[in-house]
Amino acid sequence: VSNRKIKVWQTNELGEDLKNIFEGYVDSCKLDNLGYYRNIIAYDAIYYKGRLNVANWWTEFWLPDLKETATLKEIRESICDYLELEYDKGVTYFNDDFIVSQTAVISNLSFANMLKMICELQCTFPNITRDGKIEFLKLPKIEEAIDISGLYEQESSTFETYNTELIDAIIIYGSSETGISS
Numbered sequence: 001v002s003n004r005k006i007k008v009w010q011t012n013e014l015g016e017d018l019k020n021i022f023e024g025y026v027d028s029c030k031l032d033n034l035g036y037y038r039n040i041i042a043y044d045a046i047y048y049k050g051r052l053n054v055a056n057w058w059t060e061f062w063l064p065d066l067k068e069t070a071t072l073k074e075i076r077e078s079i080c081d082y083l084e085l086e087y088d089k090g091v092t093y094f095n096d097d098f099i100v101s102q103t104a105v106i107s108n109l110s111f112a113n114m115l116k117m118i119c120e121l122q123c124t125f126p127n128i129t130r131d132g133k134i135e136f137l138k139l140p141k142i143e144e145a146i147d148i149s150g151l152y153e154q155e156s157s158t159f160e161t162y163n164t165e166l167i168d169a170i171i172i173y174g175s176s177e178t179g180i181s182s
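FYI, our numbering numbers position 17 of the sequence shown as 17, with every residue one higher than the one before it.
Keep in mind the hints are simulated off the structure, nothing from the lab. Mixed in with the good hints, there may be bad ones.
Straight-line C-alpha distance at most 16 angstroms; calculated EDC-like pairs for lysine to aspartate or glutamate [to be verified]:
(1) 138 x 60
(2) 7 x 86
(3) 73 x 86
(4) 5 x 27
(5) 19 x 131
(6) 7 x 131
Take these sequences, add in the hints, and give me the full structure.
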């Protein structure tokens, strides 16, 4: 029973579907003590597929044209397609045109780590909707700078400003048989 896809929805008295409540993958399914009901434990696609090793996808992604670089958007869409995750292809995110280079062969890379790196670079948070579709949530754009100095007592608070350099490289952490990380 485990590894099967499950859909849970609410219906009305006529049996018509009203609202999709959950879509995910069954982890376990056991009869209760009386033997009448089943206790089902299921997870959404991001959690369920998070442990999968996507190192083969990473290698295959670079092979078709022996390409050396790709955009962050190409990588995000490719991994979602590879894992059969539904997503909105028409949405543009911050750093979508950021160029990523392949630098080494990786033999172990979890989907959860890859998704985390993608989301950090595009300033989003992954979310699974009730119908099992992955969406990347963006923080709302702030038009004006926020002055927080009035929120604290000036005598007991200190403020420091930090400037950072632009991102000029991405490091994909994984492991390989030679111990090389890219």
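Could you tell me which of the hints above the structure violates, numbers in ascending order?
1
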